[in-house]
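Engineer: Spelled out, the chains give:
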Amino acid sequence: MTNFTRRKPSLRTAMLATVAAVATICALPAKAADEVTPERLLNADKEPGNWLHHHKDFSATRFSNLSEINKGNVKNLKVAWTMHLGGVEGGGIWTHGGLEGTPIVENGMMYVTDGWGSVYKIDTHGGKGTLLWKMDPKTDHDWAGAVACCGVDNRGVALWGNLVISHTLDGRLIATNKDNGQVAWQRQVADPNKGEVITGAPLIVKNMAITGVAGAEYGIRGWIAATDLASQKEVWRTHTIPGKGESGHETWKDDKNSAASGGGSTWVTGSYDPATNTLIWGIGNPGPDWDNEYRPGDNLYTDSSLALDADTGKIKWHYQHTPNDPYDYDSVAEHVLVDIPGPNGPRKLALEADRNGFAYAVDRTTGKFVWGLPFVKKVTWTKGLDAETGKPVEYDPNKPVQTYVAAVTPSRTNLETDFCPGNMGGKNWPPTAYNPDLKLWYIPVIESCNRIKVEVMTPEKLKPREFWTGGGPSQPVRITGSVTAIDVTTGKVAGKFETPFPNLGGVLATPDLVFSGQPSGEVMALDAKSLEKLWEFNTGGGVNAPPMTFSVDGKQYVAILVGLGGAWDKWFIDATPELKRMQPGSMLYVFSL
Amino acid sequence: MTRHNRPPAGAIVAFVIVATAAITASADAQSADPTDAGKAVFKRANCVGCHKWHGNGGGGYGGDALSLRKTELTREQIIETIGCGRPGTGMPFFTRGAYDSVKCYDMSREDVGGRIPPEANTFLRPSDVEAVADYVIAHIKGEREPSYSECVKFFGDTSRVCDIYKAQQQPTVSQTTNSGQSK
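For the record, the sequence lines run as chains H and A.
Each residue of the first sequence is one higher than the one before, counting from 581 in this note's numbering.
Each residue of the second sequence is one higher than the one before, counting from 102 in this note's numbering.
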């Protein structure tokens, strides 16, 4: 009896044996070649078939030199395969989630996220998509969804070593084993109890994950944080609103401690210049958004381009676009790092297309203004930029509260007013793309005006997890869009392809094409020079995410996530009534010839 | 005799289970809130999207959802506002046929014109509208600032959404102590 019992494997032993066998099988395909090293991330452009960074490369060009699909044959582009994803459920103040992510592809394996931060690994070999695993981080819907100003969003993952690095709306940084989809470790980086959430993709620099935060509509004090992926410990955290005694604190001139809840979010993935070991990151609006008299002063570093030492987080320079902003004109956009020939050798520029309707080039070594121009059809809040400084011409550094074109500017004496571009921009988070051969920079544009009703704020109105906006928008005017090309050598508009709806997804550039989408469902390819439309496919769902391209088995594909979420269908839909018809959805489309 | 009088162990267990179940059931019956159906409508019809779970609404991106805590509307007025929305604002109408077959504020679709409120994503039946109005009156109207226990009652305890109200309750005590010391 005893012997027999001993020989018979117990259930526990059997279970463990099965687990071990599965683990061995799963572990086998992991090859050293698939380890994502800092060197590979630095040289991402040497892997043309892969898309290793959120913005394709550290310079945030979103340019791929794959050219199997080109202007001669793009008319034959068709759906290769699709995949339904999840994450459409609501939570907090949101009735549903959407898709804003950029797929990452490495050696034929694709990693995408849905709005609640689930990560999907998809094998794209063989002309089809096979879901290998899904990591569901079990995001706390009500905790995070109640303080997400602008939707249930997640813009994607990054790769490091054998791990997939991602964020969740409820403030976590998660490392998932690439082979089996098991969570290796996670760390709470942002705190929804303070109104902080995370929607951006991480940026991996060396062995660090750089995280940005959202929440300027909820009275946060913004920051950028670096986590050492090896030790899982925080390396540095730099607040975007300087504390007492720090340079820039003097630009908050009130006696109400407005800097402590001054906003300055960092929710779009930044870029990195390895030559100078500098992170360049866009900083969001000050809070309260529309009552700038609450926070007299320039309010640094809100609405600024910020350069930081990647190892220490120390601020190297800043360039502020809209001082003492009364419009909600985030400068949170990505910065595209480009080198163009100049009279004294190459000019090293950082390009940013701002919510305020102006495109800027600044010297990325010094932060000095080089050129700026409006990229939208209508600007009413300023007469233009000063040619030397790039500041709005009405800007007066001696005035504590800026009024710009006072007749249209929200203020305590102008409590309800229309201005252009509206508070969504201009250009919002959807990313630009840059063609280095043509020196053309493509901006996904929201051609808009809207109306702001100001609410005068008092310190008693500041409550954790409640809106801290000083007013709200409404949409009396139809909003359209465009893809606008800027010639970076001249700083002039080179072309504009107008669209009936705002561009809520972003742009991809290839040698002779530009890809983009519409929230009414269309994905399209334009001629890179003339911006003439060469191909279009209606996905039947709202495009709210950027296209990307990759190759596998020697064949080029274009991929895009489709599912309208974000802020538009809750706060801005009246400006585009036809989009009320668009249904929530969650779908991956992949195209090939 | 004694042995016979003593009930078998199994019977004791059974009795305990039955008794516990009975007590639990009666506790449930006591705590069962007649306005729970209205709370479900409050969630399903997305009242929370603008008025928030606590009903305070507020400015910000959501526009100006009025505070249901501070509302002075009567039950009848709340019912009409839910059914017909508020002309000229973002408060939608939840009754099918409002301003057409159903009279709203004595106005037809023609009378209300461009100020017609948006149509809600979900239409509610009259019994649902009454239920949600009763929930608002019982649990939101006239209440002061939202509390931890109210929050947990709304969400249950699986989300961290209520943690800040707990945190707010504790520091109040220590702040009082501190200010006492500084004085």
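The hints are simulated quantities; they were obtained by calculation from the structure and are not laboratory data.
Among the clues, some could well be false.
Claimed, not checked - In silico lysine to aspartate or glutamate, EDC-like type, Cα no more than 16 Å apart, as pairs:
1. H/Lys1041 with A/Asp212
2. H/Lys1041 with A/Glu246
3. H/Lys1150 with A/Glu246
Unchecked claim - Not everything, but these chain A residues come out facing chain H in the computed CB check (under 8 Å):
4. Arg145
5. Val149
6. Asp165
Said to hold, decoys possible - Okay, the calculated bits of chain H under chain A, using three or more residues with CB under 8 Å as the criterion:
7. 717-723
8. 1043-1052
9. 1083-1096
Even glycine gets a Cβ: it sits at the ideal position worked out from N, Cα and C.
Engineer: Are any of the numbered hints broken by this structure? If so, which, sorted upward?
Structural biologist: Checked against the structure, the hints that fail are numbers 1, 3, 4 and 9, while the rest are satisfied.
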